[in-house]
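There are 4 protein chains.
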Amino acid sequence: MSIAPDTSINPALRVAVVGAGYWGPNLARNFAMSSEWELVAICDMDLERARALARKTGEPAVAGSLDELLANHDIDAIAIATPARTHYAIAMQAIAAGKHVVVEKPLADNSVHGREMVQAAAGAGTILMADHTYCYTPAALKIRDLLADGELGEILYIDSTRINLGLVQPDVDVFWDLAPHDLSILDFVLPGGLRPLSVTAQGADPLQAGKSCIGYLSMPLDNGALAHVNVNWLSPTKIRQMVIGGSKKTLIWDDLNPQQRLSIFDRGVDLDRQEMIRTDTEDRKGATISYRLGDTWSPALSEFEPLGLMVSQFAASIRGNKPAPTDGASALRVLRVLEDASASLANGSAPQFNTETSAMENAS
Amino acid sequence: MSIAPDTSINPALRVAVVGAGYWGPNLARNFAMSSEWELVAICDMDLERARALARKTGEPAVAGSLDELLANHDIDAIAIATPARTHYAIAMQAIAAGKHVVVEKPLADNSVHGREMVQAAAGAGTILMADHTYCYTPAALKIRDLLADGELGEILYIDSTRINLGLVQPDVDVFWDLAPHDLSILDFVLPGGLRPLSVTAQGADPLQAGKSCIGYLSMPLDNGALAHVNVNWLSPTKIRQMVIGGSKKTLIWDDLNPQQRLSIFDRGVDLDRQEMIRTDTEDRKGATISYRLGDTWSPALSEFEPLGLMVSQFAASIRGNKPAPTDGASALRVLRVLEDASASLANGSAPQFNTETSAMENAS
Amino acid sequence: MSIAPDTSINPALRVAVVGAGYWGPNLARNFAMSSEWELVAICDMDLERARALARKTGEPAVAGSLDELLANHDIDAIAIATPARTHYAIAMQAIAAGKHVVVEKPLADNSVHGREMVQAAAGAGTILMADHTYCYTPAALKIRDLLADGELGEILYIDSTRINLGLVQPDVDVFWDLAPHDLSILDFVLPGGLRPLSVTAQGADPLQAGKSCIGYLSMPLDNGALAHVNVNWLSPTKIRQMVIGGSKKTLIWDDLNPQQRLSIFDRGVDLDRQEMIRTDTEDRKGATISYRLGDTWSPALSEFEPLGLMVSQFAASIRGNKPAPTDGASALRVLRVLEDASASLANGSAPQFNTETSAMENAS
Amino acid sequence: MSIAPDTSINPALRVAVVGAGYWGPNLARNFAMSSEWELVAICDMDLERARALARKTGEPAVAGSLDELLANHDIDAIAIATPARTHYAIAMQAIAAGKHVVVEKPLADNSVHGREMVQAAAGAGTILMADHTYCYTPAALKIRDLLADGELGEILYIDSTRINLGLVQPDVDVFWDLAPHDLSILDFVLPGGLRPLSVTAQGADPLQAGKSCIGYLSMPLDNGALAHVNVNWLSPTKIRQMVIGGSKKTLIWDDLNPQQRLSIFDRGVDLDRQEMIRTDTEDRKGATISYRLGDTWSPALSEFEPLGLMVSQFAASIRGNKPAPTDGASALRVLRVLEDASASLANGSAPQFNTETSAMENAS
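Residue numbers (my numbering), protein chains in the order written: chain A, 11 to 374; chain B, 11 to 374; chain C, 11 to 374; chain D, 11 to 374.
To be clear, the hints were calculated from the coordinates, so they are not data collected in a lab.
Wrong hints could be hidden among the right ones.
Identical copies carry no separate label here, and so any pair may be met within one copy or between two of them.
Once the Cα atoms are required to be at most 25 Å apart in a straight line, the calculated DSS-like pairs of lysine-lysine come out as [as the list claims (entries may be wrong)]:
1) Lys152 to Lys66
2) Lys258 to Lys66
3) Lys332 to Lys152
4) Lys332 to Lys248
5) Lys258 to Lys248
6) Lys66 to Lys332
7) Lys332 to Lys258
8) Lys152 to Lys248
The structure displayed is predicted, hence computed values, not measured ones.
Full structure from sequences and hints, please.
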């Protein structure tokens with residue numbers, strides 16, 4: 011799938027941003043800067059906050075409620091940047107009004123709501139997209155291309171670490187706060203999306219904050235591969251790193267090393283599996299295992315603002331009537347892993363086997 | 011407990027090294043260099059290998075069997091560096107002959123054997139010690155002191171990573187190959203030893219090598235703390251890092267950074283728990299959580315060969331008739347966690363609750 | 011000298027920013043945000059550019075010339091962010107009108123002009139200050155305090171590296187582009203300011219760009235110490251590092267490592283100089299030289315915008331009628347080292363001995 | 011030139027090591043391990059030290075003097091690992107006796123001696139080689155190949171840093187102690203050897219140790235390129251890094267990063283020089299300068315002991331009667347730069363123009 015901006019000479023699409031709090035200003039700024047969009051309105055119950063944002067983004071109109079927005083303004087799409095628990099109601103009303111919708115992560119506060127949103131958009135023929143911003147970084151796009159081209163071979167393991175001395179959130183645990191980033195990236199870069207065989211979560215709340223502040227997710231994938239995610243609010247050092255080990259090459263994305271974000275190592279272990287069946291002596295080891303210690307390659311990455319590409323992609327999806335890479339179905343897969351993680355935590359870290367995944371996908 | 015060399019003027023203790031393969035030469039060399047020890051003999055079924063090692067270590071005698079060794083040589087102690095499956099038989103025979111014993115890790119091939127070894131040594135009044143070499147590094151010793159002094163406060167979490175493009179072993183999986191290092195260090199530095207409430211293992215064998223090549227261990231500790239270990243034979247980069255997060259400070263041991271192996275961060279999250287009970291609004295967050303962003307300190311570490319300190323410690327334990335920090339009971343705790351990990355793997359990553367730990371400890 | 015913001019309840023000082031190009035917007039934004047300042051006007055020959063900047067900074071007035079600005083607006087001070095060759099004329103006119111002046115680096119295009127500016131301000135009783143922004147970073151402030159307190163002991167050497175794949179400038183060489191940062195920091199942190207005994211420059215123009223793209227500055231200081239600066243536009247990697255070696259401790263400022271910008275090493279070489287006079291044998295070495303290998307310490311640094319502190323400092327200097335740490339005299343010392351570097355380059359890298367420094371200082 | 015070991019079935023060459031102090035044991039061990047050499051004798055005035063070394067290297071004979079060695083033992087070559095001031099006398103006597111000679115760095119204590127040694131060996135038809143060990147590292151060999159193949163384009167600059175908290179030497183300054191490594195590497199990797207247009211040294215002795223403890227060497231090369239070397243005994247951190255900037259690519263050798271010792275950056279600045287002649291306006295910049303920000307590549311390096319390759323190369327040179335890459339002429343170039351550095355230091359850091367280089371080369 012191409013992720014290039016649409017450069018056609020169509021008139022700009024008309025959008026409103028709903029929610030002028032933490033993330034809304036970033037969305038508004040990028041819509042305002044885009045030649046493909048016209049930012050028509052800012053909507054927030056706090057009208058003063060809406061007006062302050064409007065002043066910085068070219069003076070679009072302001073609206074104090076979704077009803078008012080939909081009644082008074084001719085828009086093609088809305089971008090939702092309100093608290094997660096409100097996503098469902100806002101999106102459903104907008105979809106019912108025939109609007110395209112992009113939603114800040116997570117898609118919704120639970121997968122039942124998320125599934126309804128996906129189904130409603132499918133029924134209405136509108137685009138439903140998640141603002142999984144990290145997926146539109148140069149690094150994630152490059153990884154997606156490398157995996158699509160089979161550059162790493164078969165995936166053997168994935169290990170993602172996102173730790174920091176972070177803000178302990180009042181309403182969600184560390185899984186729901188940080189892991190959506192890792193999970194949405196995995197869904198984006200893996201050729202078939204993120205479809206784990208099971209989900210197991212280990213959490214710890216050593217501060218007795220009433221929720222996990224440290225978390226580990228284990229997700230077996232097909233063919234014996236294993237994806238693992240580590241999130242932590244209590245780490246004194248900041249790490250944002252993803253390792254994707256393949257049968258041919260292994261990739262490391264170190265997001266905090268701007269001089270070498272991506273490294274692709276031509277190193278690995280090769281097993282001659284035929285041999286392994288026939289021999290069972292200590293000599294076997296020498297005979298059937300070999301190690302590659304080849305070159306390392308760090309591709310140059312272009313520099314651009316991921317959110318700028320995200321809003322372009324939203325426009326392209328609408329114009330082409332085709333799902334974005336981070337469409338509602340993708341966001342729903344992420345949501346379901348998060349729910350499974352919570353279920354695993356509630357069940358003494360027992361693995362959760364998500365039996366509905368394939369059925370669900372038909373709906374989307 | 012002091013871990014200083016014994017500097018008394020006692021005559022040197024007499025030791026034989028059993029096994030002249032991979033690790034035996036390191037033991038023999040350190041015993042030969044020590045003023046507290048006289049290396050009396052090298053014992054190996056392969057007499058040529060024994061003779062070659064003897065030539066490099068001051069020409070001790072050679073013996074082709076344990077019977078021959080015990081019959082012909084006046085020794086106080088033996089050091090066992092043979093394959094793990096032979097540790098039990100050799101140690102039991104030596105203990106029965108009244109010899110002190112130091113054993114290369116792991117203590118034995120299973121905990122039933124290990125427990126018998128501990129009990130036999132206790133009955134015979136001889137010292138049984140494990141050569142957990144990493145525990146005698148300057149970094150581990152410093153960490154042990156810091157934790158004993160309460161410098162980090164209450165332990166909140168531990169995260170240990172030991173990954174590398176390592177040799178896929180013919181006889182053991184990655185847990186039994188690499189995790190003994192992490193586990194023995196944890197047992198050494200934690201004031202009460204390593205006593206997890208449960209053990210859960212996630213493994214992956216994406217090369218279909220017939221054993222886990224990638225592994226994760228989760229071990230809840232008292233008070234909501236969580237210890238986690240990641241071992242991996244397939245990583246293109248080498249990491250040996252342990253993070254110990256405490257309520258007061260957090261420590262990072264980066265063993266591959268010789269210029270700053272230990273860093274102690276005065277950073278963390280503080281919760282006012284009283285407050286938390288009374289309030290339940292979003293304001294709570296600001297009111298009850300605070301962040302420390304203090305200085306980082308990297309203590310100077312002296313430089314010495316860990317194995318040299320280990321053989322000194324063995325001598326000191328014998329002379330003082332007191333257990334070493336890495337005594338049989340410690341090695342048995344490590345062994346039991348490894349067994350629990352294997353049991354968890356065999357049971358779909360179900361947590362294993364080791365109910366015998368406390369009973370066991372009485373025996374040692 | 012204290013560098014704290016003035017928190018008095020005086021009415022805000024009135025300032026105009028002259029120059030709305032590259033750096034002017036940063037100055038205007040910080041003056042606009044400061045409670046100590048009122049941003050009265052933006053002045054630029056390009057009125058459209060002035061208006062665009064005014065729209066983003068609270069709609070101050072705009073003026074198309076300095077004459078217009080001074081004639082029509084009641085201001086206390088101006089901030090000059092125009093090309094270096096125009097600094098002199100603008101500053102002299104403003105000083106003559108009794109205005110306080112802060113100038114973007116470098117102070118002027120040559121030291122004759124710079125000296126006149128310093129003398130004019132002294133004569134008029136107005137504040138003349140240079141916007142040496144790096145001096146107002148948390149790291150530079152901490153270093154200044156550490157050196158003022160003698161924490162490093164006697165300064166032995168300074169080594170500063172500022173290299174990058176940078177923009178080859180059309181009008182200045184790499185010394186005049188990058189070294190002002192290093193030199194102004196040195197002048198700021200060294201207790202007596204930057205007063206080298208001589209200045210030697212090595213330059214290279216391997217691209218035949220008509221100017222040095224790579225440069226090295228050597229500046230012997232008192233007591234055998236040596237300061238060295240390396241600037242480079244052609245480096246594929248970016249380094250911004252300053253090492254300050256002292257007789258007691260050594261400090262490293264790694265500006266691109268946000269997790270540990272400052273490290274203070276209690277490591278060094280100690281010579282017993284008395285001994286050295288009496289002995290002259292090879293034994294001398296062991297007897298008189300000793301090495302310290304102590305702890306490393308990384309102080310926590312607060313986070314703030316350096317330019318915000320700079321504008322506060324400008325206000326405090328005006329209100330207290332006292333020179334800022336980066337006053338005209340300081341900026342003149344930096345300018346003279348740059349001129350000496352150019353002279354050294356023009357004379358086959360011969361050392362330049364700046365005989366006027368002490369005389370000059372009297373004037374300021 | 012190929013640097014592969016000679017694999018012919020010739021009988022082993024016979025060698026004696028002269029000097030059993032610091033470096034001699036490394037040479038003796040590598041000669042003893044080599045199938046191309048037979049270690050015949052160890053020669054040291056301190057016979058006990060010679061015997062101790064002989065015991066560890068297969069029991070060659072021992073000799074207490076060079077006369078005794080040459081009189082009593084049938085040898086093809088000697089390896090000199092004695093203090094630098096004795097190299098000349100020992101080498102000249104050995105060459106006069108028709109022996110091939112390899113000398114520990116530096117070749118001699120001054121270039122007059124060094125030149126005589128080169129001429130004597132040329133006259134006698136024997137091989138004279140310097141043990142510039144770093145040149146036989148996998149990284150240096152790779153760099154030599156890359157430069158020979160023109161992979162970096164034209165050399166623009168070289169910047170080498172070798173700093174550490176090192177032993178302050180009793181008899182030499184930091185230039186003579188550390189810079190031979192950098193200079194010999196440069197002579198080895200640069201296609202035409204190290205032939206600077208001039209040599210300028212800046213030194214500092216802030217501890218008043220009576221010699222430079224910190225040093226900078228600047229060496230303009232052909233075509234506007236500049237080589238620079240920084241050596242320092244007082245640095246709290248250890249750096250061994252060489253940057254070689256080329257018109258096509260730039261290489262960084264970070265010898266303390268075993269996971270990525272060599273990085274080759276396809277980054278740089280391109281000037282269109284034609285354009286530059288015709289235009290002289292500010293627009294020129296945009297028109298004629300462009301930046302490449304391409305991939306980074308880190309080649310895999312094999313692992314071997316450099317000294318093992320050095321002794322192989324010595325054998326190959328003798329058997330093929332061809333100079334080694336680190337032959338006497340190369341070592342003499344290094345020696346002359348060191349002498350020029352000393353002369354520059356003694357002359358207030360004035361550049362030294364070595365007018366004899368080309369004449370000298372004819373002799374070798």
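Going through the hints against the structure:
1. Taking CA atoms no more than 25 Å apart as the test, Lys152 paired with Lys66 passes in neither setting, with 33 Å inside one copy and 36 Å between copies.
2. Neither within a single protomer nor between protomers do Lys258 and Lys66 lie at most 25 Å apart by alpha-carbon distance, with minima of 49 Å and 43 Å respectively.
3. For the homomeric pair Lys332 and Lys152, the shortest alpha-carbon distance inside one copy (21 Å) is at most 25 Å, but the shortest distance between copies (50 Å) is not.
4. Taking the closest pair of Cα atoms, Lys332 and Lys248 never come within 25 Å of each other, the shortest separation being 37 Å inside a single copy and 42 Å across copies.
5. With identical chains, the CA atoms of Lys258 and Lys248 are at most 25 Å apart between copies only, with a shortest distance of 18 Å across copies and 30 Å within one.
6. Proximity of Lys66 to Lys332 under the C-alpha cut-off of 25 Å is found in neither arrangement, the shortest distances being 32 Å within a copy and 38 Å between copies.
7. Proximity of Lys332 and Lys258 under a CA criterion of 25 Å is satisfied in neither setting, with 33 Å inside one chain copy and 43 Å between copies.
8. When the C-alpha separation of Lys152 and Lys248 is checked against a cutoff of 25 Å, the pair qualifies both within a copy, at 23 Å, and between copies, at 23 Å.
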